[in-house]
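Undergrad: With the hints as extra help, turn the sequences into a complete structure.
Chains as they are written, first to last, in this note's numbering: chain H, 11 to 134; chain W, 3 to 176.
Hints in this document: simulated from the structure, not taken from any laboratory. Wrong hints could be hidden among the right ones.
Stated by the list, open to error - With a Cα cut of at most 20 Å, we get these calculated EDC-like pairs of lysine to aspartate or glutamate: (1) Lys14/H / Asp34/H; (2) Lys43/H / Glu136/W; (3) Lys105/W / Asp61/H; (4) Lys30/W / Asp57/H.
Unchecked claim - Sample of chain W residues at the chain H side, in silico, Cβ under 10 Å: (5) Ala75; (6) Asn130; (7) Ala133; (8) Ser134; (9) Gly141; (10) Asp163; (11) Lys165; (12) Phe167.
Even glycine gets a Cβ: it sits at the ideal position worked out from N, Cα and C.
Here's the letter readout for the chains.
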Amino acid sequence: MKTKIVIYIIFIFFAFSKYSFSNDLKLENKINKNLRCLICQGQSIYDSQSDFAESMKLVVKQKIESGMSEEEIYSFFKIQYGEWILYDPQFNTKNFALWLLPILLFLVGGIIILIKFGVLKKRL
Amino acid sequence: MKNRYYKYSIVIFLIFTFFIFYYGLKEKNFYTPEDISIKKFPNLILNDFYTNTKTSFDDILIGSNYYLVNIWASWCLPCREEHPYLVQLKKNLSIKIIGINYKDKRDNALKFLDEYDNPYSVILNDNNGTASIEIGAYGVPESFILNTEKKIIKKIIGPIDKKKFNEIKKLIKK
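TA: Next comes the structure, spelled out in structure tokens:
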């Protein structure tokens, strides 16, 4: 009976440590995929094996282990390298046109189509 | 009449696009940041290259008006090109040069310094490359010029050449 309990405890311990490990790894991969490689600038550091990308991956890992959140890690890299380092840049005054233009074009295009087919005229 | 305008506008449009692409091709496609953000140099703790003792930047960045932090490695070819300029800077100007040895083998680094002279007052080890990322480096070689307040006043991405050497001279003599 005792050995069974010990085995259960060991099993549970490993199960949970494995769980937390894989969660960290998932976050690490997510962040790595969103950071641009400094040497091969079309790739994320997740895809790259250049020396600097490897170093960046290590920095991300260390920062996660030290308890920093995803946002904090992004803002650290943003301070060092600028918004450019993120593959998913945040909405701000510099890039709002890029974010809004597709929606605007979509709406304008839709209105043009509606006018062409006379849908709007009939309604009005 | 209407047809003619139509033709002209097409020709003008094509010329316009041609020049846009023509100048676009001339642009560098490798991004380098333009603004030299005046930020404080992080106080990292690294191992000394010779003594292997833990050394913080706060302990090193004293006793000079200007500091040059240079990231180098013996395996990096452009570092060999820029090294004579570092030696000259050390000889001619009152600047303290600090080396960060990036992902290098100790023996090779020693050989490199033997061969090309040692302009560094202190050399620190960055074996896994994390310190260079914490500083905000883009590659090897890279140099940061700091003032007495440990603020980065100039960042040189890539090797120091004659032009950049003169820029540093001007900056320090100001």
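Undergrad: For every hint, state whether the structure bears it out.
TA: Consistency of the hints with the structure:
no.: 1; hint: Lys14/H / Asp34/H; verdict: 30 Å, violated
no.: 2; hint: Lys43/H / Glu136/W; verdict: 19 Å, holds
no.: 3; hint: Lys105/W / Asp61/H; verdict: 8 Å, holds
no.: 4; hint: Lys30/W / Asp57/H; verdict: 23 Å, violated
no.: 5; hint: Ala75; verdict: 9 Å, holds
no.: 6; hint: Asn130; verdict: 6 Å, holds
no.: 7; hint: Ala133; verdict: 9 Å, holds
no.: 8; hint: Ser134; verdict: 6 Å, holds
no.: 9; hint: Gly141; verdict: 6 Å, holds
no.: 10; hint: Asp163; verdict: 20 Å, violated
no.: 11; hint: Lys165; verdict: 23 Å, violated
no.: 12; hint: Phe167; verdict: 24 Å, violated
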